[in-house]
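Chains as they are written, first to last, in the working numbering: chain A, 1 to 304; chain B, 1001 to 1304.
Just so you know, the hints here were simulated from the structure itself, not pulled from any lab data. From a predicted model like this one, the values you see are computed outputs, not experimental measurements. We treat Cβ as the ideally placed atom computed from N, Cα and C, and that holds for glycine. Fair warning: there could be bad hints in the mix.
Okay, the calculated bits of chain A under chain B, using three or more residues with CB under 8 angstroms as the criterion [claimed, not checked]:
| id | segment |
| --- | --- |
| 1 | 158-164 |
| 2 | 222-233 |
Residues from chain B that face chain A, not an exhaustive set, calculated with beta carbons under 8 angstroms [claimed, not checked]:
| id | residue |
| --- | --- |
| 3 | Y1077 |
| 4 | N1146 |
| 5 | Q1254 |
Protein chains: 2
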Amino acid sequence: MSTVYGGIDAGGTKFICAVGNSLDDLRAETQFPTTTPTETIGRVISFFREQQEQEALTAIGIGSFGPVDTNPISSTYGHITTTPKPGWAQTDLVGMIQDALGIPVVLDTDVNAAALGEHRWGAGQGLDSFIYLTVGTGIGGGGIMNSQLMHGLIHPEMGHIRIPHDRNIDPYPGLCPYHGDCLEGLASGPAIEARWGQSPETLPAAHPAWSLEAYYLAVGLVNFICTLSPQRIIVGGGVMGQPQLLPLVRENVQRLLNGYVRTPQIEEEIDKYIVLPHLGKRAGLLGAIELVHILRCGKTDAGK
Amino acid sequence: MSTVYGGIDAGGTKFICAVGNSLDDLRAETQFPTTTPTETIGRVISFFREQQEQEALTAIGIGSFGPVDTNPISSTYGHITTTPKPGWAQTDLVGMIQDALGIPVVLDTDVNAAALGEHRWGAGQGLDSFIYLTVGTGIGGGGIMNSQLMHGLIHPEMGHIRIPHDRNIDPYPGLCPYHGDCLEGLASGPAIEARWGQSPETLPAAHPAWSLEAYYLAVGLVNFICTLSPQRIIVGGGVMGQPQLLPLVRENVQRLLNGYVRTPQIEEEIDKYIVLPHLGKRAGLLGAIELVHILRCGKTDAGK
Chain A
1 MSTVYGGIDA GGTKFICAVG NSLDDLRAET QFPTTTPTET IGRVISFFRE
51 QQEQEALTAI GIGSFGPVDT NPISSTYGHI TTTPKPGWAQ TDLVGMIQDA
101 LGIPVVLDTD VNAAALGEHR WGAGQGLDSF IYLTVGTGIG GGGIMNSQLM
151 HGLIHPEMGH IRIPHDRNID PYPGLCPYHG DCLEGLASGP AIEARWGQSP
201 ETLPAAHPAW SLEAYYLAVG LVNFICTLSP QRIIVGGGVM GQPQLLPLVR
251 ENVQRLLNGY VRTPQIEEEI DKYIVLPHLG KRAGLLGAIE LVHILRCGKT
301 DAGK
Chain B
1001 MSTVYGGIDA GGTKFICAVG NSLDDLRAET QFPTTTPTET IGRVISFFRE
1051 QQEQEALTAI GIGSFGPVDT NPISSTYGHI TTTPKPGWAQ TDLVGMIQDA
1101 LGIPVVLDTD VNAAALGEHR WGAGQGLDSF IYLTVGTGIG GGGIMNSQLM
1151 HGLIHPEMGH IRIPHDRNID PYPGLCPYHG DCLEGLASGP AIEARWGQSP
1201 ETLPAAHPAW SLEAYYLAVG LVNFICTLSP QRIIVGGGVM GQPQLLPLVR
1251 ENVQRLLNGY VRTPQIEEEI DKYIVLPHLG KRAGLLGAIE LVHILRCGKT
1301 DAGK
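All chains, full assembly: derive it from the sequences and hints.
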């Protein structure tokens, strides 16, 4: 019997679901907005039930917004925990889907899933240590360290680091309900929109919003470089869709590091060091499918 | 023939050397101040030559201040690279000692060595992921992630993350020659001394220096928690010798995280989550010896 996986990219704005096994075998893809847990998870279940009528699914992988409980031996494994997203805190995402469909469901963070997709098929191939950062509705980071997904105590929450914030230059107080002006509070898509009074997509490339955004993101990346020393940084998410932004981020990273981390990757080839995802918006969905694969087949060999 | 290792804790202020194999077998320990490379490395060589007259040494491990090149296949492996410490940039620490003594010499950062010592015999036993931070002449961090020492592109330089710095509260500009008011620039021992005009050891426990120091260190730890999600944080170094400091750091970490990282380790048992080294000042020396052991015997099983 063939093995067919389901994948869910469970984002704070929309959910994407598909079945398949790899980059070249992905089908029946669908997406819908993230509304209430009951409605959204109901649509997930309906979609996969329809698929199950056509062929048996082996298991489903989820890359989810969070924070989520990713510890397989925890009693709340697969729950979304303290998310600021209204209605979603303490939602048993894995349990609800698993119970309805009768097949195993595994979960990691959206960013770890995206990192895994990029490790297997994209910009992280062959690397032992890299991070994947998303800059969109929120800011989050995950990645591979010493050839395994980053977990630890729970999982990284890279968007919530504290960074310098000069209120003389930028009086906007930040929008994180937990921390105010953490990185996510200052530099997520909604923070840009709230600060400038218009959606990021409508701000022209020469608008001062972008140099400020590039500075905040670069401080974040500098802190991740100093903390983790990743071999590469992949930056995705809706805000990075602005083509003028990434070159500004790279310039700011070099300026802020100021020659201290002296490597050709940063000093000479930063265009290959800080990059966009190669899988674009499908990194998370593909990574969710790869997540099932590695959890069934062993943890450390993706992308090798 | 018995196996005897040498260990060197190569600090920016002093060098400690010893021979032995473990926590319970450490002998002929000596220490001297870090002066010029020629004089300091000369004393290292003299010490180990004397030891070699009594018994054959198998290899030597070094935990060094840095930045250092820890990549064994690099042409500058074992060099101190861009350190702000006068005279020491581009010093071939491994090569000079190896050539003089005729035995293999291996090197990692001082903080990775200390982490390794704590992993094998101290506060990091049994953990897959933890960090070791030192707060003294400089601020540096290393650790174990997914059961292996942290390396990546080069190695972490945790002291150089950027943190919020309100110049209305603290007008001191910071002393890092590369970054000014990075974490090390604001919170290292010399920064405390320069800000308040007296040595940290002489500042009374109730002096406002300590609440400011605790705040800066806590912001650093919060950023490391959000970036790495370590299972524990071990904080050593001379500045942590102030007994009033660690409780203040823990309080600030909880306040700054503000319930976002909801785990019993942080919310209920932070006294066991942010801890002093169990090996005290000998973590680095013991870790240097353990470094030889794991590099000769395989990388990932220390402390298991």
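Inset, instruction - May I ask you to test the interface hint for B:Y1077 with respect to chain A, counting a Cβ-Cβ separation under 8 angstroms as satisfied? - result: At 14 angstroms from the nearest chain A Cβ, B:Y1077 fails the 8 angstroms test, so the hint is violated.
Legend entry - Minimum beta-carbon distance criterion (8 angstroms), B:N1146 to chain A: Interface hint status for B:N1146: holds (4 angstroms vs cutoff 8 angstroms).
Legend entry - Verdict on chain B covering the segment 158-164 of chain A, where coverage means 3 or more residues with a C-beta closer than 8 angstroms: Three-residue rule met by the segment 158-164 of chain A, so holds; n is 7.
Legend entry - 8 angstroms C-beta criterion, at least three residues: is the segment 222-233 of chain A covered by chain B: holds (count 10)
Inset, instruction - Under 8 angstroms, Cβ to Cβ, is where B:Q1254 needs to be relative to chain A, so tell me if that hint holds or is violated. - result: Status violated, d = 13 angstroms.
Hints 3 and 5, counting from the list given before, are not met by this structure.
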